[in-house]
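Protein chains: 2
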Amino acid sequence: MSLKDKVAVIGAGCSKFAENWTKNAEDMIVDAVFEAYADAGIDDPDRQIDAIFCGSLYSAQGPVEVSESLKLFKPLSSVYNYCATGTEAFRVACMAVAAGVHDTVLVVGYDKPKDRGVSGPSVSIRGVRDLPATPAGWFALCAKPYFKAFGAGREHLARIAVKNHANGCLAPKSFLKKEITIEDALNARMISWPFGLYDCAAQTDGAAAVIVTRASMARTFRDDPVLVKAVVSASAPNPHTDPDNDFLRWKATETAAAAAYRMAGIDDPFRQIDVAQVHDCFTLTELLSYEDLGFCAKGAAKEHIESGSFALAGELPVNSDGGLKSFGHPTGATGVRMIVENVLQLQGRAGARQVAKASLALSHNIGGFPTGCAVAILGME
Amino acid sequence: MSLKDKVAVIGAGCSKFAENWTKNAEDMIVDAVFEAYADAGIDDPDRQIDAIFCGSLYSAQGPVEVSESLKLFKPLSSVYNYCATGTEAFRVACMAVAAGVHDTVLVVGYDKPKDRGVSGPSVSIRGVRDLPATPAGWFALCAKPYFKAFGAGREHLARIAVKNHANGCLAPKSFLKKEITIEDALNARMISWPFGLYDCAAQTDGAAAVIVTRASMARTFRDDPVLVKAVVSASAPNPHTDPDNDFLRWKATETAAAAAYRMAGIDDPFRQIDVAQVHDCFTLTELLSYEDLGFCAKGAAKEHIESGSFALAGELPVNSDGGLKSFGHPTGATGVRMIVENVLQLQGRAGARQVAKASLALSHNIGGFPTGCAVAILGME
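First to last, the sequence lines map onto chains U and D.
The opening residue of the first sequence carries number 11 in our numbering; numbering runs sequentially from there.
The opening residue of the second sequence carries number 11 in our numbering; numbering runs sequentially from there.
Looking at chain U on its own, in the form it has when it is part of the complex (with noise of 0.2 Å):
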């Protein structure tokens, strides 16, 4: 029941994320696949990539996008799971590998909502207990609770929307570029209590791609192999009709955190886990994902905040990078740049954002209601 260490991830790219408007999705592809192709050291993908697995949830055309604009035509098939969509493909690939299916296969991660023509976090996928909601509106809907529960509150949130605004300004490939203050956060227009403008992720066009292979061939193309130590996917009820919900916390997450840490064997992974990407669409997604993934009890991330564990320099770095804060959310494109990002920093490639010491990175995609999640644990051999 485990695919540990059987995987390799041998190449990485990341297209610019950003309001790409002289772009198209293709472009993007493009970017990011011929990125991870150098990485790997490939320079015949017809010869040496098996299979695509693509996640994209605004794609015009489908996966024909990915193999018309790479002109590789393998097998190819697009997973879905909503905002979790990046790292569910990213799962099926590995999977693919670990069957021996496949010996070689991409991943590729994009989408390109800016061209839909409506801004920011609008959509509108179902009603929250019948009326409808946006994402702002239903990832809102533990504030209340929490904050009562714990005693946290807009300033914890304000503290890490300025964390990531300052790790995404270390990113050459973030879209906002911009420190801010934390009075910047609590004095900006509001969008859905309590989240303000600087509590919201922005949404963004991009394309991420990583190159998985056989554990055992990953030398024939690098030196520095980063092994998948686990990579899992769960499901909660949704949170909106389930009775049993206490809106403390995103069941998804809690489960899929304890399938990862088993599957990766780890028991402590506050202590254990050296950088982590965690789903941040909003601050207090990041700050309950804090929990539900067992960085720390329930209830006690404010003292992390204001201590600032999760900082760059703290003790588990989380949203290195900026998270989907800085770089956006190209929806099926965060989980790969999230896998991007946990590369860069266990080969320490990460530049000006380089964690102090990186062996394990964990990367968290959460999407629907939020009903699904998915984790991908990687290390060094």
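Mixed in with the good hints there might be a few duds.
No distinction is drawn between identical chains; accordingly, a pair holds when it is met within one copy or between any pair of copies.
To be verified - Below, a list of computed lysine-lysine pairs in the DSS-like style, where the Cα atoms sit at most 30 Å apart: (1) K154 / K84; (2) K308 / K81; (3) K308 / K158; (4) K308 / K124; (5) K26 / K312; (6) K124 / K33; (7) K188 / K26; (8) K312 / K367; (9) K84 / K16; (10) K308 / K84; (11) K84 / K14; (12) K188 / K33; (13) K81 / K154.
By construction, these hints were calculated from the structure, which means they are not laboratory data.
Note that the coordinates shown come from a computational prediction; the quantities given were computed from them, not determined experimentally.
With chain U held as given, fit chain D onto it using these hints.
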């Protein structure tokens, strides 16, 4: 590079395929999945099912439709590859089992296109040589060159429609239960030359489900498990813009068939395969598939149609349940419905449409423009 004989199908279920105005997607999912549970002897899915892969093109809410309708909260991902989605979901499920990541996995394909507010095969995905097009339009593109090259004509297409309408009358869950004559087919109103009404698959709502497990565990569920001999995916350049396309074949099928036969160890498909479900979105698609799947040489389909090779009592019965022609094409469901039919045929449970001898069965899904193809080959131990 194979998953041959590593995975077994232990349960199969299927909703009625029809214009299911009084059922929603969740109703049909429940119909199909609970039939599959019963078929596999699964009475505690929460304990016995480890993960779910679903496929749907027209899903209103995404995969949460599956978890909420079944109240089954397991790792759940959606897989997409246009009209090949059903077989693709099955493929990913088989890889998850073969990788040792999950023991027993539920596959659910479903769609409810009748609620989209359009009628018939009227989706226009993209232009064909820069003209807007419907599936009937782009799948007809091979007709003129093929008829000219090989002397086939509308009467050969009509015979395929007559065969599939007849077979569909023997399938309890089919939509159309109406025998037609060659004259009916030839005289029906024209949809997109050479396709008259009876050359086109209907659009219906439906769901189908299968349960797969590790081959070594299969006999704990039932005495007659069906083994997965091969399941593959292939893609090809968009035929509308591929300068090397001769419009006498759909290349993705040829590539997928070669890979599937290699995996299953088949070198003479016409003799070795006992029953096949092929993607008859239009009669010509079935005709081309006879050749693209290697059941006969390129150009030889018309003699086989005339001699009845692919009739229910022929050497290689094709679309024993009436195919898309009789079941309609609720897109995500179709590939899984084909696998359900092959399971029933292999286990001798196909009732009035049971073929004489069935120990090896193929199913074939084509999707996109068409750009993708997925093939599954099942067999008894």
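Fill in: Hints the structure fails to honour
Numbers 4, 5 - these are the hints that the structure violates, sorted from lowest upward.
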